[in-house]
Amino acid sequence: MIDDPAQDAAPRRLIWRRAELLGIKDETPRVRTLTLAVPDWPGHLSGQHVDVRLTAEDGYQAQRSYSIGSPPEAREIELTVETISDGEVSPYLTGELRPGDIFELRGPIGGYFVWSNSLVGPLVLIAGGSGIVPLMAMLRHRAIAGHSCGALLVYSSRSWDDVIYRAELERLAAEDPSVRLIHTLTRAQPAGWQGYRRRIDKTMLAEIGIPELAAPHVFICGPTPLVETAAQALVELGIDAGRIKTERFGPSGGS
Amino acid sequence: MMEQNEAQPLDGNAAAGVLSEVFWRDMTLATGRCAGCGREGPFAEARLYGGLMGYVMRCPGCDGVLMRVAKTPHGFWLEMQGLRSLTFATAPGSI
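Protein chains in written order, with the working numbering: chain E, 1 to 255; chain W, 1001 to 1095.
Among these hints, one or two may not hold up.
[As the list claims (entries may be wrong)] Beyond 12 Å from chain E on every Cβ pair, some chain W residues (computed):
#, residue
1, 1043
2, 1065
3, 1077
[Unchecked claim] A short, non-exhaustive set of chain W residues, derived as facing chain E with CB atoms under 7 Å:
#, residue
4, 1009
5, 1010
6, 1014
7, 1017
8, 1029
9, 1031
10, 1040
11, 1045
12, 1063
13, 1070
14, 1072
15, 1074
16, 1075
In case anyone wonders, no lab produced these hints; they're calculated from the structure.
Keep in mind the model is a prediction, meaning the values are calculated, not measured.
A virtual CB, placed ideally from N, CA and C, is assigned to each residue, including glycine.
Bound conformation, chain W alone (with noise of 0.2 Å):
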């Protein structure tokens, strides 16, 4: 993984340090379903723009926004409303 450009996103692989810290777990090991075209997909491979002060995540399939994060000196915000919904595997080898 390296620095990324404006032009070329990244993924969730590499927003899953920073998520650790709101989640507390390995985020790229979700699974995340796009409220707008409702894919449903690792969320390892959402797009991810941005950088360390804030990310916008998009879904692959439709461009969609599923996730903004913002990290500030008090703590994070999060914005969810384009994720309809995650699923977290309780065993290695379910998702």
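Pulled out of the complex, with its shape left as it was, chain E reads as follows (with noise of 0.2 Å):
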């Protein structure tokens, strides 16, 4: 059996809350994040989500959920959220809101998809385009409580402009040496790029050496195809499936 760092899987009543925007930052050109203030917010594991609704005047509602980009540590929730131009939540949140608003959320939300740093063993994460927001609170997480084993993210994007969190993650892989970064960029390439320029596969997984970790723990989140081609190639390639756990995205990513 494997440790879960899900803490609670007794039943517990989500309630909608009042979120305050404090501050919103470009991440890319199609993705910001908003920093929120939410009180009495109950405390979250990294990779959990919340559910988002807004009301529109006509009393006509719209729900989505968005993965938390914040680490436990963090005293303000981060959402990172990629602007879908013909959605119904997202280009509000992107491009409307304003520090001081208000907005309703529910969560944490998810028990399933979630690392603490008291899980042993090396830390694998598997991004494509905005996946890779519960994958960073994973990786923040770490950074701030501490962690002996390794952690390895091959993250899929379309272009270097469009790598999210990229001087962070740039960051975090300098500070520890025990962090390991791979990108692959699957549309367009900057000028002598050495690095990856197709989408994850099993070829890649193999030659970055995840079959040769022992024990690891395996996140994978991004658009449906590229969880569904990751998550079978590493059971492929001799990963325990009951150590790889999937979140799918929509709908766009490192495609």
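With the hints in hand, could you dock these two chains into one complex?
If you want it as structure tokens, here you go:
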């Protein structure tokens, strides 16, 4: 059996809370991070998400789920949101909201796709596009809380400018030799790019050396094709399926 | 997680908030067995189609419908003919 960091599997009623936007930051041309104050926030584990609910003046409601990017140690909640041009919720969150504005959210949600530094064994993170967000919460938690085992991130983006958290990822890898960062850029690459330039596949995951890792904890988050390709490839490479946790994002990403 | 389009399903993780209104527990920690193909796996990994008003959850093995959930002004409607069983862990770490 694999230890699970879910602290509380007991029934717990989720309630809608009022979140206040404190600040907003550009991550890429299409992705922004919202920093929120949520009174009486019960705390979260890295990898969890929230439901966001918007209510129009006529009572119409739209609701979406967004992963939490901030680590459990942070006082404020951060959601990193990709703008979906015909979406009902994300254009409002990234384009219309101003600091001081209030909206409703509930969470934290989901005890399955979570990691905590109490888990022994290397951490393997595979992300496509904005699938990086819950995995970034894990890396930030790992950096703050400390962890003796290595961490590997394989991150698929369309282009170098689409890499979310790029500077922070570079810094995390530079400051901690046990963090390994591998980018693949699927659509456009900067001049002189030496790295991968295709979608994540079995050959890539084998070359990176994932099959040689002993008892890894694997988290895969991205668009469905990436998640299913990577999960199946890892099982074929001999990784125990029970060590692989997945979360599907739509509709874009490193494709 | 983010907004979905028709072509790309999300999964049971994204349904956990709405399902908590029905089951009052974290359904991502449940294990389900498909009545169609017999596959057993984390409910979090079931494929999710639909939106706030209604969800269809399908088996990642055979694509059979596991659960349909509709939210109405009066409450919830669930259909689970395709789900042979649901197992809930009683303690963290046991699924």
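Verification of the hints:
1. The beta carbon of residue 1043(W) is not kept farther than 12 Å from every beta carbon of chain E, the shortest such distance being approximately 8 Å.
2. Residue-level check passed: residue 1065(W) sits 17 Å from the nearest beta carbon of chain E, beyond 12 Å.
3. Listed as outside the interface, residue 1077(W) is consistent with that label: its C-beta sits roughly 18 Å from the nearest C-beta of chain E, beyond the 12 Å cut-off.
4. Among the interface hints, the one on residue 1009(W) holds; its C-beta lies about 6 Å from the nearest C-beta in chain E, closer than the 7 Å criterion.
5. Of the supplied interface hints, the one on residue 1010(W) holds, with its beta-carbon coming within about 5 Å of a beta-carbon of chain E, less than 7 Å.
6. The closest approach between the C-beta of residue 1014(W) and any C-beta of chain E is roughly 5 Å, which is under the 7 Å cut-off, so the hint is satisfied.
7. Evaluation of the residue 1017(W) hint against chain E yields a held restraint, the C-beta minimum of about 4 Å falling below 7 Å.
8. With its C-beta approaching chain E no nearer than about 5 Å, residue 1029(W) sits inside the 7 Å limit, and its interface hint holds.
9. Contact between residue 1031(W) and chain E, as hinted, is not supported at the beta carbon level, the nearest pair being about 10 Å apart and thus beyond 7 Å.
10. At a threshold of 7 Å, the smallest CB-CB gap from residue 1040(W) to chain E is about 11 Å, leaving the interface hint violated.
11. A least Cβ separation of about 6 Å between residue 1045(W) and chain E falls short of the 7 Å threshold, and the interface hint therefore holds.
12. About 12 Å separates the beta-carbon of residue 1063(W) from the nearest beta-carbon of chain E, more than 7 Å, and the hint is not met.
13. For residue 1070(W), the suggested interface contact is broken, since its CB lies about 15 Å from the closest CB of chain E, more than 7 Å.
14. Taking 7 Å as the C-beta cut-off, the interface hint given for residue 1072(W) is violated, the closest approach to chain E being about 14 Å.
15. With 7 Å as the threshold, the beta carbon of residue 1074(W) stays out of range of chain E, its nearest partner Cβ sitting at about 16 Å, so the hint is violated.
16. Below 7 Å, beta-carbon pairs count as interface contacts, and residue 1075(W) has none with chain E, the closest being about 16 Å; its hint is therefore violated.
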